[in-house]
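Since chain A is already given, all that's left is putting chain S on it; use the hints.
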Amino acid sequence: MSEPVRPAATPADTVPATAAADARGRPDGPIAAVLLATGIGALVLAILVVWAEASESFKDSLAYSDRVGPLAGKTIWAVVAFVVSWAGLHAALRRREVNLRAVWMITLVLLALGLLGTFSPFFELFAPSE
Amino acid sequence: MVLGTGVMAALTWLTVIVGTWVVYPWYREDVPESPRSRLLADPDTKDWHEFAMEWKEHVAWIAPMLATAAFVVAAYYGRDLIRHQPARRMAMTLFVAAFAVAAIAGVLGALITKKAPVT
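Residue numbers (my numbering), protein chains in the order written: chain A, 1 to 130; chain S, 1 to 119.
This is chain S alone, in the form it adopts within the complex:
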């Protein structure tokens, strides 16, 4: 479990860093062909940027912090987590919250990509 939560936390950090510093610049490039420009150019699709992308790009960064905290709780208590309900509940809540936040960002990202693919 410690290894699993550790790997998940590391992957979450990697995902947000790559998403922000590698993929996002393509999305927001200041050219008419960029996904951001195309979404904003059409009143029917501009909410995909103004609501979905604006939410996703920010909230996603809370996920690795939550996943790191879940990992630290799991690593600190180790096998004793089984016996200690409060600590176990905290670890589970943090992990589920990290997953939920990552899922929001992931689903919104997939939907935005479907509307305006990064080419």
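Extracted from the complex, chain A is given alone in its bound form:
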């Protein structure tokens, strides 16, 4: 399939990621914070899912609600990880310039691990054999 004709790159298109915010005089640290927090939230969810699958006692300890079961604890802690890491990273990075491309790559890796860990054929591999 042929690629659509693209207009010539403008100077703005060719700036490195970290310069995107520079143009406005604002650092891109806050964006790095939310990106990394998203990856951390997904990864924490995946770890809890796999750990709960491997350990019945841990799974039971996450059942904060009888009606929802262990899913309650898994999702509550994943959201806590997302919010707390976002707040912490935002506080640490809000005035800093960061390599957004590197942050983006780390985020994609964390998200991929998060998606893998929440995929049932994967996490069921950790279930104790019956």
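Bear in mind the hints are in silico, worked out from the structure with no lab data behind them.
Don't take every hint at face value.
To be verified - Just the calculated beta-carbon pair ranges, DEER-fashion:
{"id": "1", "chain 1": "S", "residue 1": "PRO32", "chain 2": "A", "residue 2": "LEU125", "range": "26 to 32 angstroms"}
{"id": "2", "chain 1": "A", "residue 1": "SER129", "chain 2": "S", "residue 2": "ARG79", "range": "53 to 59 angstroms"}
{"id": "3", "chain 1": "S", "residue 1": "VAL31", "chain 2": "A", "residue 2": "ASN99", "range": "50 to 56 angstroms"}
{"id": "4", "chain 1": "S", "residue 1": "LEU14", "chain 2": "A", "residue 2": "PRO128", "range": "23 to 29 angstroms"}
Beta carbons are placed, not taken as given, at the ideal position from N, Cα and C, and that holds for glycine.
Frame of chain A, contents of chain S only:
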């Protein structure tokens, strides 16, 4: 666009919260008539719980985090997003990923409901 991504992020959070805390308890109720019990009782349908529901109930929670990140990128750069390709690509990737994850959860949910309706 900022308003659109913000509304989408809020709706995604609302959907997973309602799905987990309102609908899911009906699904997993420990009675023979619950959808979960009915699916697991039949070897031909137990994969609908063990594969589809187990995947859906977990992966769905990644969607609101992705949608929130897409909203924050869009809100932070605002109109400048048009000029800044890397940031624009990030926002689009996050938003498409959020949509894809939500679609997986939504389609699996619809198929599970068709197999074993919540009554």
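Going down the list of hints, with the structure as the test:
| no. | hint | in the structure |
| --- | --- | --- |
| 1 | S/PRO32 to A/LEU125: 26 to 32 angstroms | holds (30 angstroms) |
| 2 | A/SER129 to S/ARG79: 53 to 59 angstroms | holds (57 angstroms) |
| 3 | S/VAL31 to A/ASN99: 50 to 56 angstroms | holds (54 angstroms) |
| 4 | S/LEU14 to A/PRO128: 23 to 29 angstroms | violated (36 angstroms) |
Violated hint: 4 only; the structure is consistent with all others.
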